Amino acid sequence: FGYVEGAFTGAKQGGQIGKFEIADGGTLFLDEIGEMPYELQTRLLRVIEEGVIRRVGGTDEIPIDVRIIAATNKNLREEVEKGNFRKDLYYRLNVLPIRLPPLRERKIDIPLFIDYFMERKSRRLNKKEVIIREEHMRFLMDYDWPGNIRELENFVELVINTEGVPLTTGNKFDIATGKKEPSGMDITLDELEKAHILKVLKNNNENISKTAKILGIGRNTLYRKLEKHKINEPK
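If you count the sequence shown from 1, position 213 lands on 213 in the numbering used here, and the numbers rise without skipping.
It should be emphasised that the hints constitute simulated quantities derived from the structure, not laboratory data.
Predicted model only: the values in this text are computed from it and were never measured.
One or more hints might be untrue.
[Unchecked claim] Listed next, the in silico DSS-like pairs over lysine-lysine satisfying Cα-Cα at most 25 Å (straight line):
1. Lys228 x Lys210
2. Lys213 x Lys199
3. Lys74 x Lys202
4. Lys228 x Lys194
5. Lys82 x Lys225
6. Lys74 x Lys213
7. Lys213 x Lys128
8. Lys210 x Lys225
9. Lys228 x Lys82
10. Lys213 x Lys230
11. Lys210 x Lys199
12. Lys107 x Lys199
13. Lys202 x Lys228
14. Lys194 x Lys127
15. Lys225 x Lys74
16. Lys210 x Lys128
17. Lys19 x Lys210
18. Lys228 x Lys213
19. Lys107 x Lys74
20. Lys127 x Lys202
21. Lys12 x Lys128
22. Lys199 x Lys74
23. Lys199 x Lys127
24. Lys210 x Lys230
25. Lys128 x Lys199
26. Lys199 x Lys230
27. Lys194 x Lys213
28. Lys194 x Lys230
29. Lys82 x Lys107
30. Lys225 x Lys213
31. Lys225 x Lys194
32. Lys12 x Lys210
33. Lys210 x Lys127
34. Lys87 x Lys107
35. Lys213 x Lys202
36. Lys87 x Lys74
Given these sequences and hints, build the entire structure.
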């Protein structure tokens, strides 16, 4: 929503326009709408119904014309029943629902996504692409990927950085040679994700914004993963 000058300590001189004003006349994408605090949902509903916003600390009502596209991995009907999501906002947003099937329902696309992420990530990291052998690809296609595309994207980055495909067998496969390196314990993808997050946090001096950007996820998603893996939040 932006803010006016003097709205809070550290506010910029002249204030700051918000995303709604920036998107005026266009489209605003709201990711993870199911995570929005209840009190903020009320403000969003007013924007949708009345077409006006009010900057933080301000009194002027600013007209805006924005088309909203919202996304969530939660069942918003269930969230409404639990009292976590406003029923009226749900129906305001649910005008043209588009269901994106989870990766576990479209496993035939996994090799295509891996090729896409491999090419993009290797170029960004300035590293060589890693060739994934057929037997390793079968393992990846058998996995359900509860984190969907983002989990697969992060996994491909891990493969590039480690130059190998870690599997749950407890062996780290060297893609170039196909040799197995013995491991003293079984390693799950969850454990690999935790280790990868810790490594990226350390490399970025525990800066949440930089870490989230490198991991290709939002700050809120990163905070949830920290809680999931019982990683202490950086101070």
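Comparing the hints with the structure gives:
1. Lys228 x Lys210: 20 Å, holds
2. Lys213 x Lys199: Judged against 25 Å, a Cα distance of about 14 Å means the pair holds.
3. Lys74 x Lys202: 31 Å, violated
4. Lys228 x Lys194: Within the cut-off at roughly 9 Å; holds.
5. Lys82 x Lys225: 23 Å, holds
6. Lys74 x Lys213: 22 Å, holds
7. Lys213 x Lys128: Holds, at roughly 21 Å.
8. Lys210 x Lys225: 15 Å, holds
9. Lys228 x Lys82: 22 Å, holds
10. Lys213 x Lys230: Within the cut-off at roughly 21 Å; holds.
11. Lys210 x Lys199: 13 Å, holds
12. Lys107 x Lys199: 29 Å, violated
13. Lys202 x Lys228: 18 Å, holds
14. Lys194 x Lys127: 22 Å, holds
15. Lys225 x Lys74: It holds: about 16 Å lies between the C-alpha atoms, which stays within 25 Å.
16. Lys210 x Lys128: 23 Å, holds
17. Lys19 x Lys210: This hinted pair holds, its Cα atoms lying about 21 Å apart.
18. Lys228 x Lys213: 19 Å, holds
19. Lys107 x Lys74: 21 Å, holds
20. Lys127 x Lys202: Roughly 20 Å between the alpha carbons, so the hint for Lys127 and Lys202 holds.
21. Lys12 x Lys128: At roughly 43 Å apart (the allowed maximum being 25 Å), Lys128 and Lys12 break the hint.
22. Lys199 x Lys74: Violated, at roughly 29 Å.
23. Lys199 x Lys127: 18 Å, holds
24. Lys210 x Lys230: Distance of about 20 Å is within 25 Å: holds.
25. Lys128 x Lys199: 20 Å, holds
26. Lys199 x Lys230: Satisfied, since the Cα-Cα distance of roughly 15 Å is no more than 25 Å.
27. Lys194 x Lys213: Holds, at roughly 16 Å.
28. Lys194 x Lys230: Since the Cα atoms of Lys194 and Lys230 sit roughly 9 Å apart, the hinted pair holds (cutoff 25 Å).
29. Lys82 x Lys107: With a Cα-Cα distance of about 32 Å, the restraint between Lys82 and Lys107 is violated, given a limit of 25 Å.
30. Lys225 x Lys213: The given pair, whose Cα atoms are some 14 Å apart, holds under the 25 Å limit.
31. Lys225 x Lys194: 8 Å, holds
32. Lys12 x Lys210: Holds, at about 22 Å.
33. Lys210 x Lys127: 20 Å, holds
34. Lys87 x Lys107: Answer violated: Lys87 to Lys107 is near 34 Å, above 25 Å.
35. Lys213 x Lys202: With Cα atoms ~14 Å apart, Lys213 and Lys202 stay inside 25 Å; holds.
36. Lys87 x Lys74: 15 Å, holds
When each numbered hint is compared with the structure, violations occur for hints 3, 12, 21, 22, 29, 34.
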